[in-house]
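Could you build the full structure based on these sequences and the hints that come with them?
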Amino acid sequence: MGRSPCCEKMGLKRGPWTAEEDRILVAHVERHGHSNWRALPKQAGLLRCGKSCRLRWINYLRPDIKRGNFSREEEDAIIQLHQMLGNRWSTIAARLPGRTDNEIKNVWHTHLKKRLEPKPASQQAPKRKPTKKQQPQPEPVTALEGPTGAVPVSPERSLSTTTSTTTSTADYSAASSLENAGDSFTSEEDYYQIDDSFWSETLAMTTTVDSFESGVQQAEGSFGKSAAPPSSTNDDMDFWLKLFMQASDMQNLPQII
DNA sequence: AAGTGTATCAACCGCATGACT
DNA sequence: AAGTCATGCGGTTGATACACT
Numbered sequence: 001m002g003r004s005p006c007c008e009k010m011g012l013k014r015g016p017w018t019a020e021e022d023r024i025l026v027a028h029v030e031r032h033g034h035s036n037w038r039a040l041p042k043q044a045g046l047l048r049c050g051k052s053c054r055l056r057w058i059n060y061l062r063p064d065i066k067r068g069n070f071s072r073e074e075e076d077a078i079i080q081l082h083q084m085l086g087n088r089w090s091t092i093a094a095r096l097p098g099r100t101d102n103e104i105k106n107v108w109h110t111h112l113k114k115r116l117e118p119k120p121a122s123q124q125a126p127k128r129k130p131t132k133k134q135q136p137q138p139e140p141v142t143a144l145e146g147p148t149g150a151v152p153v154s155p156e157r158s159l160s161t162t163t164s165t166t167t168s169t170a171d172y173s174a175a176s177s178l179e180n181a182g183d184s185f186t187s188e189e190d191y192y193q194i195d196d197s198f199w200s201e202t203l204a205m206t207t208t209v210d211s212f213e214s215g216v217q218q219a220e221g222s223f224g225k226s227a228a229p230p231s232s233t234n235d236d237m238d239f240w241l242k243l244f245m246q247a248s249d250m251q252n253l254p255q256i257i
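Going by UniProt numbering, 109 is the number at position 109 of the first sequence; the sequence numbering is gapless.
Quick caveat, the hints were computed from the structure, so don't treat them as lab data.
Hints should not be assumed to be uniformly reliable.
[Said to hold, decoys possible] Under the rule of at most 16 Å between Cα atoms (straight-line distance), these lysine to aspartate or glutamate pairs were calculated in the EDC-like manner: (1) K105 x E75; (2) K113 x D76; (3) K114 x E75; (4) K113 x E75; (5) K42 x D22; (6) K51 x D22; (7) K105 x D76; (8) K114 x D76.
[Unchecked claim] Taking CB as the label site, the calculated pair distances span: (9) L116 x G11: 41 to 51 Å; (10) Q83 x K42: 38 to 48 Å; (11) N36 x N102: 14 to 24 Å.
Ideal placement from N, C-alpha and C gives every residue a C-beta, glycine not left out.
What follows is the structure in structure tokens.
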């Protein structure tokens, strides 16, 4: 079936967003939400396509975006999750409060992938200092009140791969008013606490997300070919728990549970 | 100080998918 | 059932900042 372009290109602006555009977008989302990205730019008076507005909001203007460098714990989490999930950046992002799929994808390609590649010890040290962009940045233009730190992973957000992420601004505001429990992993304990919800959410996801092939494939061997996944995740949650424990063991991963 | 190479990251593009008609 | 629309996702690109010579 044919698909129309996401937006009519004529007359629409592209490229980097200006502070004024950011301000307009934030103000509009704050006031009206973003139930319809396609109509939003017209309503807000922006010469952008809805897709561009959505991306800008998701990746930069959202109030729960965490800016600045990734912590070592976050990087390790990305590596672990990538081993289990592959390039499912949005799913990985759902596990890292305040981080976007785009950001994680960039970090993976620019840092983490290289880190995993074996190198002579002499090349381990980074050649460059962190760039300005890597340093904590000034907060993006936002009309939203309250802390801009990350919020704990909410069910809506965790399941963003399978459900609409149309979260109202009110939701974000409410979420932002919570303590910044997920803002930073102040200790390993805190970090792993965040992952306490991993299994329940992961198990829930398996009803719609095709069952983490990599983990399944690796675990299949140890479970034997006859150990087919349950037809319904609800009827055998233990299967998936064992599956991931097995997969973690096989990959010599630190236990995340 | 200037030129060049490279790393980084914001933004774009095209496709997949689900909802709706 | 088929077509259209809207959104989400992952891959890719281009501008820019920075390191190195």
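Hints, one by one, checked against the model:
no.	hint	in the structure
1	K105 x E75	11 Å, holds
2	K113 x D76	12 Å, holds
3	K114 x E75	12 Å, holds
4	K113 x E75	11 Å, holds
5	K42 x D22	15 Å, holds
6	K51 x D22	14 Å, holds
7	K105 x D76	14 Å, holds
8	K114 x D76	13 Å, holds
9	L116 x G11: 41 to 51 Å	45 Å, holds
10	Q83 x K42: 38 to 48 Å	43 Å, holds
11	N36 x N102: 14 to 24 Å	22 Å, holds
Violated hints for the displayed structure: none, as all numbered hints are satisfied.
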